[in-house]
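K.L.:
Given next are the chains, with one letter for each unit.
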Amino acid sequence: MIEIVLTVNGIQQKLAVSPEERLLDVLRDRLGLVGTKEGCGSGDCGACTVLMDGRPVTSCMVLAAAADGADILTIEGLEKNGELHPLQKAFIEEGAVQCGFCTPGMILSSLALLQENPDPDDEAIKRAIAGNLCRCTGYARIFAAIKTAAERMRSDA
Amino acid sequence: MRDKKDLKVVGTSLPRVDGVQKVRGRAVYAPDFELPRMLFAKVLWSDRAHAKIVRLDASKALKAPGVAAVVSAVDAPQNRYGVYLKDQLIFASGKVRHIGEPVAAVAAESEQAAEEALKLIEVEYDDLPTVFDPFEAQNDSAPIIHPDLETYEATYSKVAYDNVALYTHLSVGDTEKGFTEADHIFEDEYKTQAMYQGYVEPRACVVGFDQRDKLTVWTSNQQIAECHAEMAAALDIPMTEVRVVGTALGGGFGGKLKTHVEPIAALLAKKSGRPVKIVLTREEDMIASRARPPYTIRLKTGVTKDGRITARETELVADCGGYSDHVIGTMGLAVTFAQGAYKIPNCDVKGYVIYTNNPNYSCMRGYGAHQIDFANESQMDMIASRMGWDPVEFRRKNLIEDGDVLVSTQPITEVTISQTMDEALRRSEWNKKGKRKKERKENVYYGIGIGNTIINMGLLSSSAMIKFNGDGTASILTSVMDLGTGNHTALIQIAAEELGMLAEQINIAEIDSDTSPYDLGQIASRTIFDAGNAVRLAAKNAREKLYESAAELLQVPEDDLDSEGGIIFSRSDRSKEIPIAGVNGYRLWVKGGPVVGSAGWLGKPGFAEIPGEGYPQPPSKTFIFGTHIAEVEVDIETGRVTVLKVTAVHDVGQAVNPLGVQGQIEGGVVQGVGYALMEELQVKDGVIQNPDFLNYRMPTTLDIPEIDPVILEIPSEYGPFGAKGLGEPVMMGVVPAIANAIENATGVRVTEVPITAERYLQAMKKKE
Chain S
1 MIEIVLTVNG
11 IQQKLAVSPE
21 ERLLDVLRDR
31 LGLVGTKEGC
41 GSGDCGACTV
51 LMDGRPVTSC
61 MVLAAAADGA
71 DILTIEGLEK
81 NGELHPLQKA
91 FIEEGAVQCG
101 FCTPGMILSS
111 LALLQENPDP
121 DDEAIKRAIA
131 GNLCRCTGYA
141 RIFAAIKTAA
151 ERMRSDA
Chain D
1001 MRDKKDLKVV
1011 GTSLPRVDGV
1021 QKVRGRAVYA
1031 PDFELPRMLF
1041 AKVLWSDRAH
1051 AKIVRLDASK
1061 ALKAPGVAAV
1071 VSAVDAPQNR
1081 YGVYLKDQLI
1091 FASGKVRHIG
1101 EPVAAVAAES
1111 EQAAEEALKL
1121 IEVEYDDLPT
1131 VFDPFEAQND
1141 SAPIIHPDLE
1151 TYEATYSKVA
1161 YDNVALYTHL
1171 SVGDTEKGFT
1181 EADHIFEDEY
1191 KTQAMYQGYV
1201 EPRACVVGFD
1211 QRDKLTVWTS
1221 NQQIAECHAE
1231 MAAALDIPMT
1241 EVRVVGTALG
1251 GGFGGKLKTH
1261 VEPIAALLAK
1271 KSGRPVKIVL
1281 TREEDMIASR
1291 ARPPYTIRLK
1301 TGVTKDGRIT
1311 ARETELVADC
1321 GGYSDHVIGT
1331 MGLAVTFAQG
1341 AYKIPNCDVK
1351 GYVIYTNNPN
1361 YSCMRGYGAH
1371 QIDFANESQM
1381 DMIASRMGWD
1391 PVEFRRKNLI
1401 EDGDVLVSTQ
1411 PITEVTISQT
1421 MDEALRRSEW
1431 NKKGKRKKER
1441 KENVYYGIGI
1451 GNTIINMGLL
1461 SSSAMIKFNG
1471 DGTASILTSV
1481 MDLGTGNHTA
1491 LIQIAAEELG
1501 MLAEQINIAE
1511 IDSDTSPYDL
1521 GQIASRTIFD
1531 AGNAVRLAAK
1541 NAREKLYESA
1551 AELLQVPEDD
1561 LDSEGGIIFS
1571 RSDRSKEIPI
1581 AGVNGYRLWV
1591 KGGPVVGSAG
1601 WLGKPGFAEI
1611 PGEGYPQPPS
1621 KTFIFGTHIA
1631 EVEVDIETGR
1641 VTVLKVTAVH
1651 DVGQAVNPLG
1661 VQGQIEGGVV
1671 QGVGYALMEE
1681 LQVKDGVIQN
1691 PDFLNYRMPT
1701 TLDIPEIDPV
1711 ILEIPSEYGP
1721 FGAKGLGEPV
1731 MMGVVPAIAN
1741 AIENATGVRV
1751 TEVPITAERY
1761 LQAMKKKE
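Residue numbers (the working numbering), protein chains in the order written: chain S, 1 to 157; chain D, 1001 to 1768.
Keep in mind that the hints were calculated from the coordinates and are not lab data. By construction, the Cβ of each residue, glycine as well, lies at the ideal position given by its N, Cα and C atoms. You may find that some hints are simply not true.
Claimed, not checked - DSSO-like cross-link-like pairs, simulated, lysine-lysine; straight-line CA separation at most 30 Å:
no., chain 1, residue 1, chain 2, residue 2
1, D, Lys1300, D, Lys1343
2, D, Lys1438, S, Lys126
3, D, Lys1270, D, Lys1086
4, D, Lys1645, S, Lys147
5, D, Lys1645, S, Lys89
6, D, Lys1433, S, Lys126
7, D, Lys1343, S, Lys126
8, S, Lys89, D, Lys1008
9, D, Lys1270, D, Lys1343
10, D, Lys1300, S, Lys126
What the hints assert, rightly or not - If you want the ones that stay clear, here's a sample from chain D, every Cβ over 12 Å from chain S, calculated:
no., residue
11, Tyr1199
12, Lys1270
13, Ile1636
Just need the whole structure built from these sequences, with the hints factored in.
P.N.:
Structural data, given as C-alpha cells:
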C-alpha cells in the first residue's frame, strides 16, 4: 500500500492505496463521491472527469498514487453554501441535462474552460468538451448552457 | 378539452424535475447504489460462437478467496422466456449460441476477487459448425441453432422453422396487377448495420432483499413493470415474490428493456443470501449487448410515367444473432411501414428474422421503422433521379392521406406529412439551396437531401394513480421511467394542467413494482401519449372527486367550478374559492374520504385485427410524422462527408414541454448522424471487433451539424391535450436525408449505412 494525501473539494484526505487503484476508485469507493461517473474505464467518454490542480483529467486514467499531493475538485465540490454554481444553474435552465450521466464530467470540463477563458467562442467550447460524450442532447443545449454561465460569471466577476 | 389558448402548464418549458439532483451529482444511478454486506458479481461470457458445453466445473472458483456463490445453468430454472418468442434462458444450457452469452457468474467480496474466481471456472466446449450470414443460415446445409424451436412458445401467432425465428407476410391490394399498371419497375437493395445504443451509463443492477426480506431489484431499466414480469418468469416464481425498483437511468435508447443481467444477480443473491451488484464494463456491455439488428432490405417498386407508385414488393431479412429478443418486434414494425409515408395501393411484404451465431441483437430507438425508412426514402430519391423527376414533387404526388390503408390493413389517421414536409422545405430554403453550385471548393461538393418519416403512435397500456397529501400537494404513481427525455416533468405538467395545480405541487413517486401501477415502459415514443393519457385520466378522476366536494362547500354547481394554481373557484363568482388542501381536508375528516384518482389506458387493443401470417405487432392508435432536410459537403478525394446543417420538423401534436422537445430533436438528429456516417458494430465470425468507445465512434462535439429543430403542433384527437410523442422519428429521416444529399452533391448513391469514407469511395468507383 502507498500512503497518499489528497485535497478533495477542500478537505484533506490521507489514504493508503494499492498501486493499481485509480483516482476514480478512491473518489467513488473510498470517499463515496459517486457524482463522478464511470462510463468506459478507458478515458474515451469523459464521464469521470474531475479537476486535478485545476486541470480536467479523466479520473479512470489517473492512478491514485500519481495524484499524491493534488488538489481535486469533483461535482460535489462545486456548490458554495448550498448555492449552485452558475454552470450547474445554466445546465438546468438551458435543457443541457437529459439522462445526466455525462453531466458531472461535462460541467467540470466546462469549468476548466471558463477558468482559463471566460469568454469562449463556439469553437473553443466545442474543443473543450470534445472528450465528453453525451448520447442524449446532441450537445446544442450544452453549448447554450456554457455560454449562459460564462456570461453570468463575467458579469459577477 | 381545454382550448390551446387556455393551457397554463402544458406548453411551458419548465426545468426538469430531476435537474438539480443531476447537476449536483446526487442522482443515484444503478452503479452508484449500495446495500450493506453487498457482494460484487462478474459474469463469465461465452467466448465460443456455437459450441456444446461438455463440462462446467466451478468447484475451484467456489474455493477461491472471498467467493460467496457461483451460479450457472444448473442453478437456473429451465423455463424459456422472451419478449415475443420464448427462446431464452438465464444461462446457456447444454450449448452456447453466440459469443457473449452468459455461461456462469461469481459473487465475491470484491470485484477483483470475483474476476480472479471467474478464471478458475473450467468450461470444456465442443465446437459446433457456425453460421454468421443470415442468408447462408437459410441454406439446408446450415447448422440449426435452435433444434427445439418448434417447442418454443410465442406471445403471437408464431411462424418459425429451421433458423427462421420469424416469418411474417402481409399484403394489401394486388401487386401483380399493380406492376402491370406500372411503366417502370425499380429493384434495389439496402443494408443497415448493427448499431450500439451507446448510453453512457453501462448496464447495472443491485439485487438484494428489502426490509421485509423480499427479493428486490434496483435497476436502471426502461421497463420496470415488464422487468418485474420477466424476473418472475425467468426465476419461475410468482410476481409477488420479487420487487423491482427503478434507479436514476443513464440513457437507454432501447438497450435497457425487460431484463438483462438482473436475473443473474438474483440467482446469486438467492444463493448467497446477500445483496449482489453487477456493473458491466463498457466492453462487456458491448459484447453482451442487444444492439440494433442489421437488416437487408430489397424493394421492388412500380411507377407510372406520370410519377405515381402502383405497387411495391418488399423483402426484409434481419439477423437476430443467437436469440430472437426484440428483433421479432422490430420486423413487425418494419413490415407495417413497407409503404413508408406514401400511398401504395398494392403492396406485399415478407419479413424474416434469422438466427445466426452473431451476438444477440435486439432493438434500438426507431425499432424496425428506422431501417425500412432508410430503404424507402433512399429509393424515393433513386427513382426520382433515374426518371429525372424532382424528389420533392415525386414525394408530393404519392403522399399518404387519412383513410389510406397500410399493408397491415390498418387505416391511417391524423396524417400530417405534407405539413411537416412543407415546413421543412420552407425553413431550410430548399428551393434556393437546391440551385446552389455543387462544387464549393476543390473536390468538395455541396448537396441537400430530404427524408420523411412515419411511425406508430400509441402502444398498448399504461396506468396511473394520483394521491393527495394533507397540504394539498399530490403524487403521481406510475411505472414509467424517465430515461433522460424529461417525460417525468412532462407528466407532472399534464397532471397539473388537468387538476388546475402548479407543477411544483406535484411529484412523481419512485418507480416500484410493488406500488406503481402498470406501464409498458419508456419505449416506442409512447410515454407522453400513453402514460400521458393515463396520467391525465387519473387526474381527471381525482378532479371530479375534488369538485364534487368543492361544489358542496362553495354552494355552487360542479360545472361552474374551475381550478388554477391549486385553488378551486366558481367561474361565475370569483369570490367563492377554496384551496385543494381545504377540499382534501374536508374529504379526509368530514365527508367523501381521501382522494385517489386512478385510470387505466389501452391505446389500441390486441393483435387479432391484423390478417396475415406471423405478425407480431399490435396496431397503433395513431401515427407521427416528421421531415428532415440534410445539407452536406462531400470531399470526393477522401470520401469524407460533413453534415453542415439538418432542418428537423416534427409534428408533436402539442409540445408539453417545448425545451424538452427541442432536446429530443437535437439529440435524435445527432444519433441519426452517427447512424448515417459513423457507427457500426463490426462483427467478424461472431466477434465484435470494436467493443469500446475509442473504436466504436459516436458523434462528439466535433462531428455535429448545425441543427434547426422545428416543432409543429397539430393537435391529436387521441393524445393528452393533443400531444403525440417524438422520441424515435427525430433520429430517423436524417439518415436517408444524408444519403440523398450525398447523391445530390456528387451523383454517387450509397445504399449501405454507415456511409463511411471507404463505402463512399467504393460506390464512387463502382459508378465510374
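K.L.:
Would you mind marking each hint as holding or not holding in the structure?
P.N.:
Status of the hints after comparison with the structure:
A C-alpha spacing of about 15 Å is found between Lys1300 of chain D and Lys1343 of chain D, which places the hinted pair at or below 30 Å, so the restraint holds. With a C-alpha separation of about 28 Å, the suggested pairing of Lys1438 of chain D with Lys126 of chain S holds against the 30 Å cut-off. Straight-line distance between C-alpha atoms of Lys1270 of chain D and Lys1086 of chain D comes to about 24 Å, which keeps the hinted pair within the 30 Å bound. At most 30 Å may separate the alpha-carbon atoms for a hinted pair to count; Lys1645 of chain D and Lys147 of chain S meet this at roughly 21 Å.
Between Lys1645 of chain D and Lys89 of chain S, the direct Cα distance comes to roughly 29 Å. Compliance with the 30 Å bound is thereby established for this hinted pair. About 27 Å separates the Cα atoms of Lys1433 of chain D and Lys126 of chain S, which keeps this hinted pair within 30 Å; it holds. A distance of roughly 43 Å separates the Cα atoms of Lys1343 of chain D and Lys126 of chain S; the hinted pair therefore is violated under the 30 Å criterion. Restraint check for Lys89 of chain S and Lys1008 of chain D: the C-alpha separation of about 24 Å stays at or below 30 Å, so the hint holds.
Proposed proximity of Lys1270 of chain D and Lys1343 of chain D is contradicted: the alpha carbons are some 56 Å apart, above 30 Å. Restraint check: the Cα-Cα separation between Lys1300 of chain D and Lys126 of chain S comes to about 44 Å, which exceeds 30 Å; the hinted pair is violated. The Cβ of Tyr1199 of chain D does not lie farther than 12 Å from every Cβ of chain S; its closest approach is about 6 Å, which violates its non-interface assignment. No Cβ of chain S comes within 12 Å of the Cβ of Lys1270 of chain D; the nearest lies about 26 Å off, and the non-interface call holds.
No Cβ of chain S comes within 12 Å of the Cβ of Ile1636 of chain D; the nearest lies about 26 Å off, and the non-interface call holds.
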